[in-house]
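Asker: Listed below are the residues making up each chain.
2 protein chains.
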Amino acid sequence: MTDYRSPSTGRAVRAVLFDTFGTVVDWRSGIAASVGRFAHRHQLSLDPAAFALEWRGRYLPSMAEVRSGRREFVSLDVLHRENLLESFEKFGVAAEALPGGEVDDLARSWRWLPPWPDSVEGIEAMKRHVIVGPLSNGNTGLLVDMAKYAGLPWDVVLGSDVSKAFKPDPRAYRTPAELLGLEPGEVMLVAAHPSDLEAAQTSGLATGFVARPDEYGPGRPTDPPPPGAWDVSGASLIELAASLFGTPDQR
Amino acid sequence: MTDYRSPSTGRAVRAVLFDTFGTVVDWRSGIAASVGRFAHRHQLSLDPAAFALEWRGRYLPSMAEVRSGRREFVSLDVLHRENLLESFEKFGVAAEALPGGEVDDLARSWRWLPPWPDSVEGIEAMKRHVIVGPLSNGNTGLLVDMAKYAGLPWDVVLGSDVSKAFKPDPRAYRTPAELLGLEPGEVMLVAAHPSDLEAAQTSGLATGFVARPDEYGPGRPTDPPPPGAWDVSGASLIELAASLFGTPDQR
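Protein chains in written order, with the UniProt record's numbering: chain H, 1 to 251; chain U, 1 to 251.
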């Protein structure tokens with residue numbers, strides 16, 4: 001076991017927690033595949049990849065209602081279902097003509113997402129040195145199902161329904177640290193999204209950036225992060241693990 | 001993946017959750033070893049095995065204060081430390097003369113407990129079919145450290161500090177089911193203690209009994225459970241896994 005001390009927090013990192021959608025798993029491919037199968041079965045003519053982007057596009061606005069306090073906390077499963085119905089409407093699909101149980105299943109398809117090719121190996125490498133887990137807006141049941149499907153070897157799964165807060169609410173970052181008996185500075189968030197990392201930093205966490213240029217599909221590059229803003233950066237979770245704890249040869 | 005339907009709840013079991021102290025790990029040997037090392041280092045003359053029983057004996061009464069509402073919820077780590085100081089007093093040890101940091105470390109030794117010989121293999125076998133995790137009075141940080149030390153391959157770890165309730169409070173049994181998105185009857189508690197199983201049953205969970213005759217040491221047998229009261233019973237977690245999901249040959 002090797003220690004990594006965060007330059008920004010001045011603490012040895014005891015837990016590395018990961019944003020999931022886009023950072024650990026490829027939601028776009030997974031959702032497009034589920035939507036494609038659903039559309040084929042019900043003979044709907046729609047572009048599954050475009051539908052996935054539409055559905056995901058409603059993610060942040062729907063959580064904003066809860067974050068602002070205008071709406072009581074509800075689980076992401078509930079928001080995903082509401083956002084699915086709105087996406088159907090946008091695409092001209094008459095949802096009321098579809099079997100309800102199958103719509104429910106499709107709403108839950110944010111569980112069945114493929115990991116990026118480096119995710120499992122990178123998380124395994126970090127798990128030898130620190131506690132690993134998700135730090136996601138997903139609810140606990142969703143994240144546990146996702147982990148079993150994708151083979152994510154988490155030590156602990158504490159969903160947003162435990163902290164009853166969505167990121168970037170500071171409680172979303174601090175509650176997992178507290179439940180693990182750690183100071184915020186002993187926890188690192190790894191994410192592909194600078195806004196998530198900025199909020200984590202504001203809440204006192206260490207930060208690691210991983211580039212996921214294909215999150216929204218090939219040829220839709222996201223902005224590069226400002227250099228030096230995070231404790232570590234890399235092109236994969238395997239690279240990040242090596243930056244934090246060395247490669248097996250170096251140990 | 002094989003389904004197991006609980007005769008008592010009439011539901012397919014989706015998660016098997018385990019009592020930990022005594023059921024999955026051997027607290028008596030582990031605590032006696034930690035106490036023995038501590039006593040040796042500080043030249044204390046005491047019987048480590050007897051001290052372990054004394055310390056554990058204060059477990060239920062200390063939680064009863066919280067369960068009754070006379071005291072606000074505090075984590076088991078806090079209770080373990082208080083109970084350690086009381087046990088020192090009972091054994092005539094002047095705790096104030098000992099280095100505080102080392103007393104803190106000893107209070108946290110309920111993390112470093114050996115699994116029973118069949119625990120890891122039995123849990124692995126069930127993990128292929130259902131979600132596995134602890135359902136313990138331990139706090140999340142304690143249970144995650146315990147799992148990493150003992151190699152317990154949990155899918156999810158939700159400590160008593162998540163439900164803010166100690167067993168046999170019904171909230172301790174129902175909160176994990178709720179966070180997993182499951183009905184109580186889709187969750188099975190496995191425990192070596194009939195009182196724990198009775199409370200789980202009252203809360204609507206399925207139940208599995210595993211015999212741990214050596215929990216309090218060889219030659220101190222515990223009462224046998226009334227036959228037929230639980231969905232399944234066995235002499236090891238491997239036996240229970242086979243009763244629930246068949247042996248690899250039968251599948």
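Among the hints, a few may not be true.
Calculated lysine to aspartate or glutamate pairs in the DMTMM-like style (CA-CA distance at most 20 Å, straight line) [unchecked claim]:
#	chain 1	residue 1	chain 2	residue 2
1	U	Lys148	H	Glu198
2	U	Lys148	H	Glu65
3	H	Lys127	U	Asp145
4	U	Lys127	H	Asp145
5	H	Lys148	U	Glu198
6	U	Lys164	H	Glu178
Please keep in mind that the hints were generated in silico from the structure rather than gathered at the bench.
Asker: Look at each hint and say if it fits the structure.
Answerer: Hint check results:
Distance hint between Lys148 of chain U and Glu198 of chain H is unfulfilled; the C-alpha atoms sit about 30 Å from each other, more than 20 Å. Proposed proximity of Lys148 of chain U and Glu65 of chain H is contradicted: the alpha carbons are some 38 Å apart, above 20 Å. Annotation: proposed proximity of Lys127 of chain H to Asp145 of chain U holds, straight-line Cα distance about 12 Å (limit 20 Å). As the CA atoms of Lys127 of chain U and Asp145 of chain H are separated by approximately 12 Å, the hinted pair is consistent with the 20 Å bound.
A distance of roughly 30 Å separates the Cα atoms of Lys148 of chain H and Glu198 of chain U; the hinted pair therefore is violated under the 20 Å criterion. For the hint linking Lys164 of chain U to Glu178 of chain H, the alpha-carbon distance of about 13 Å falls within 20 Å, and the restraint holds.
The structure shown violates the earlier hints numbered 1, 2 and 5.
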